[in-house]
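K.L.:
One line per chain: the protein sequences are R and G, in this order. Residues are numbered in this note's numbering as their position in the first sequence, beginning at 1, plus a constant of 268. Mapping the second sequence onto this note's numbering, position 249 (from 1) lands on 231, and the numbers just tick up by one.
Treat the hints as calculated values from the structure; they're not laboratory data. Where hints are given, some of them may not hold.
Interface residues of chain G toward chain R, partial, derived using beta-carbon atoms under 7 angstroms [stated by the list, open to error]:
hint	residue
1	R61
2	G329
3	N338
4	D380
5	Y387
Just so it is clear, the structure is predicted and the values come from calculations on it, not from any experiment. Here a beta-carbon is modelled for each residue, glycine too, at the ideal position from N, C-alpha and C.
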Amino acid sequence: MRIVVDLNRCQGYAQCVYLAHEVFRLTGTEALTYEPNPDDARRLQVERAAAACPVRAIMIDRLDGAERGAAS
Amino acid sequence: MTLAATLAELVSDFKANGRIVIVGASLAGLRGAEALREEGFSGSLTIIGDELYEPYDRPPLSKQVLKGWVPADHTLLPRFREVDAQWRLGVAATGLDRVARQVRLADGEQVPYHRLLIATGTRARQWPNPAEAALEGVFALRSRDDAARLQQALAARPSRVLVIGGGFIGSEVASVCRELDIPVTLTERGPAPLVGALGGVIGEIAAQMQRDHGVDLRCGVSVASLEGDAAGHVRRARLSDGTTVEVDVVLAALGSIRNVEWLQGSGLAAGPWGVGCDAGGRAFDINGVVTDSVYVAGDVARMPHVLYEYQFLAMEHWDNAVFGAEVAAHNMVNLEPHYRPHLLLPGFWSGQFGVNIKSVGVPPFGDEIVFTQGSVKDRSFAAAYGRRGRIVAAVTFDHGKWLEYYARLIEQSAPFPPPPPGWDRPDVMKPVPAEFPAPGVPTAIPDVVLTGHDPNERRAEFRPRGQ
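Given the sequences, and given the hints that come with them, work out the whole structure.
P.N.:
Here is the structure:
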């Protein structure tokens, strides 16, 4: 699956780190890094993390493997 | 039929049968395509990109990818809706004919358009000596392939990495090297890292942070030459102060070059700072006349900003690509008075040495700085930038939750020094000079640049009457 975190919006509340620590990590107390294309097996965890984000900074792919358009 | 009805029919006919071409298949190109469909555009859509990959996100490349946690090909951007586009990936646009309304591709094909969105972004500035740049172990960092190669080189445990340039990319890579326990030397021509973007006062804090984490930081020096061994692998750098550094990986973090060369001869206001456009993303031609059919978004756009005395602002920021593309897309399929402006307050983040550095506004527009919250010693603070008695920008180190407070003040042109939010006040709250380098002093170029008031950077040619 594919996600992106709007790190302008992220304020380091770290709820995502508690809910999906294989996908989201804090470096120090506030700097978030994450796996942008986590394994599909983590989907439920990631969706919970996105729902728990107080500033709604985590955005999840809505196509889910449908049409994306490949190379020409 | 009334004029209003005719115009409405024109818009709906364009939405159904128009032909839009987007040049650039990265963040701005993708979000622009999605926004066009969201706006109800159901005509033909072509997306042209010079890289072979579908759109991916770049910020992770200099952080989690280099660290070796996330593979470089795990950076594909999520899609928010189907774009039903013809993707022409791996082929660059090489020319624009605005009379014939065609984009020329590197393979010779001509792609016709009714409306065009330019989102070609920037590329990394390479080490200027081609023979030295070709040495094995010398890298630049912009693309997914760049990141994959540099990550491999770091994973091989080099004896020392040299980072040339103390901007955000250079500082982030130095941070990754230290996290991986790899010795690293960073050279910066200016007096401190981050000085172009955040000024000398913050730069000094960044410098101390780097030294505390074991970076061999050399400011006020440049790299004179790189030397390789018999096998063509880089081994040594000669610095301008006469010293040498033994290295086997070099990253040239020299900032970016805007991808405008393909627009040469198009008559658009394209130059080193990008393509001039109005606040709605409509490109200017070389004479400062706004076009109807060509739009610009992302890193390659420069547009006037109301908060900064209507100077043209060039912003290499993630949210500028997203929101600028959305505004341009909206305006591409609408007519006056339904145009929308792109009035983004610039903002960026950078994770380095365990600290989250965030900023809003345009710090180099200010000439004074005041610390308003927290502690510099703990590297956990907020500071505001001012100019002529009003607040124009703010920066935080691990104080990101407060940035919105300052953003609201900047949007209102509130007084400087600003009233602190009433908590966490430092002992001393006195504005001091922010110490930005004077124009022309060689240092890292900030990734948000005020580029003056001229829509084009080449003056219109003056032809006396009758000649």
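K.L.:
Please check whether G/R61 passes as an interface residue: C-beta within 7 angstroms of a C-beta belonging to chain R.
P.N.:
Holds, about 4 angstroms.
K.L.:
Could you check if G/N338 really has its C-beta closer than 7 angstroms to a C-beta on chain R?
P.N.:
4 angstroms, holds
K.L.:
With a cut-off of 7 angstroms, does the beta carbon of G/D380 approach a beta carbon of chain R closely enough for the hint to hold?
P.N.:
Given a least distance of 5 angstroms, the restraint on G/D380 holds.
K.L.:
Holds or violated: the hint that G/Y387 contacts chain R, with Cβ atoms closer than 7 angstroms.
P.N.:
This interface hint is violated because 12 angstroms lies over the 7 angstroms limit.
K.L.:
For the hint on G/G329, does the least C-beta distance to chain R fall short of 7 angstroms?
P.N.:
With Cβ-Cβ at 5 angstroms, under 7 angstroms, it holds.
In this structure, only the earlier hint numbered 5 is contradicted, and the remaining ones agree with it.
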